[in-house]
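**Student:** Letter by letter, the chains look like this.
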Amino acid sequence: MRCDEAQELITARVDNELGADECAAVEAHLTSCAECALAFEQESVLKRRIHLTAQQVSAPATLRRVIEEKTAAKAAATGGTIWRSFFDGFAFVTWRRGFAAAILLLIAGSVIYTQWPAEKHESLALAALETHTSILSGKTTLLRAVNLAAMRKELAHAVGDRFKPVALDLSLMKLYPVSGFVQNIGGRDLLVTVYQGDGPAVTCFTFLGSETDAPQGAERFYDADMRINYYSYSRGDLNGVLHQEGEVICLLVSKMAPADLLALLRGKSAHA
Amino acid sequence: MWLRKGTELDTTYALYYNGPAVSRSNARQPGRERFSSEIMIYLDHLYRVAFHLVRNDDAAQDCVQETCARALGAYSQFTPGTNLKAWLTRILYNFFFDSYARNKRMVAAEDLGEGAEAAQDYWETVTAEGSGPEKQFLQQELGAKIGAALRKIPEEFRAAIVLVDMGDFSYAEAAEILSCPVGTVRSRLSRGRRLLQKQLSGYVEKTGTER
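Respectively, the protein sequence lines represent chains A and B. If you count by my numbering, then the first sequence holds residues 1 to 272, one letter each, in order. If you count by my numbering, then the second sequence holds residues 273 to 483, one letter each, in order.
Calculated from the structure, these hints are not laboratory results. Incorrect hints may appear among the rest.
Quick list of in silico lysine-lysine cross-link-like pairs, DSS-like style, CA-CA up to 30 Å [unchecked claim]:
1. A/Lys255 - A/Lys174
2. B/Lys470 - A/Lys47
3. A/Lys255 - A/Lys153
4. A/Lys153 - A/Lys164
5. B/Lys424 - A/Lys255
6. A/Lys47 - A/Lys139
7. A/Lys139 - A/Lys164
8. A/Lys139 - A/Lys153
9. B/Lys470 - A/Lys153
10. A/Lys153 - A/Lys174
11. A/Lys164 - B/Lys357
12. A/Lys174 - A/Lys139
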């Protein structure tokens, strides 16, 4: 065996990855070649040193805590609801049959959706108010996003990068993005970003839609400079303002006065 | 409000969503909480691998968080009783490869000799007969030096070393994680270690034994 042929075999010998025949051949070479014997010894030392080096590195406590919190929250989010019972039952059904049934339901739902758009759209705008209320009341527990850029990227990725969550700079109002998630209402995905701080919290919904998503009775404001329609609506002490940009609807919900919300949305559009 | 089944969406929910929701896969695999706790067992390992792959603490933490989220999202795809450590590491490596390694220009192995002189000086300062605390200190210094040398090695060689020497994976497991033949792992390891030895030549060439 030549020394250059032995090189990789020496590596494998160091790692105990050789079969009996190869091992015997390498051992024979090592006894007759001092240079390769030294190389074997050096590589063995290096391997042990690398292993020891690895042991010096451990996961930071903050990382451990963040992951523990997220996995615990995930577990909490997936238990104890009426939906859980429903899907527990669902599990007993043959999966493929269930899937086929779901496809049929989806098709049926789509037909109903296209035949009855007004009510469907209105339910979406109003459901957004409910989501905001749920966040304020603590029923929807927010997980603090560690990396906001990554969060936005993940949210966009969750909807197949068909659209991205609208990013608002509300720092002048001392409001900052703290969390985000995907909500499915009426078969449509909404990217939800929550802004909290000193002032009234603002929840921003981004989704694919049209101006027909504005609920009936919403007030329309036309910005002649930007050539954009804005729609404002209120239920109780909650206010919503939305507008369309291309195929994407941006909806802000807050207890903030409608005029202030409108100013936020117009400011965002001016800087878009 | 409900959770759609699917890895991608589940991943997002795991990271940022904690509202009333349910995954259909939950009902089929009751051991989700146990699965979460088993993941935590390998957290040090995952961070270690990520840290030496991405060479940056923040990026390593992102890598591990993403890995855990993806693992939880896809846990129904894991077969109980098989190698969870390897499964997690493969998720981590795939994420690393997609996010960091793909399209990244590899450093030519020939360009890696510049640190050798400094390394030689360093190794010569390491005394053979140190007291306990001193030895411990020197071991930490040694670790830092090896870590630094490892960072200068092209990703394909570094990954093999990180998996086999640091992660204690067999060649077959490393090949599975890296999606390459076993022979390639052996070849990359051999070349990678030689590059490392070049970086740490003062230590390895002079003594051939551990200090």
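**Student:** Could you run down the list of hints and mark each one as holding or not?
**Tutor:** Okay, the hints, checked on the actual structure:
no., hint, in the structure
1, A/Lys255 - A/Lys174, "15 Å, holds"
2, B/Lys470 - A/Lys47, "14 Å, holds"
3, A/Lys255 - A/Lys153, "28 Å, holds"
4, A/Lys153 - A/Lys164, "8 Å, holds"
5, B/Lys424 - A/Lys255, "54 Å, violated"
6, A/Lys47 - A/Lys139, "53 Å, violated"
7, A/Lys139 - A/Lys164, "26 Å, holds"
8, A/Lys139 - A/Lys153, "26 Å, holds"
9, B/Lys470 - A/Lys153, "41 Å, violated"
10, A/Lys153 - A/Lys174, "24 Å, holds"
11, A/Lys164 - B/Lys357, "34 Å, violated"
12, A/Lys174 - A/Lys139, "24 Å, holds"
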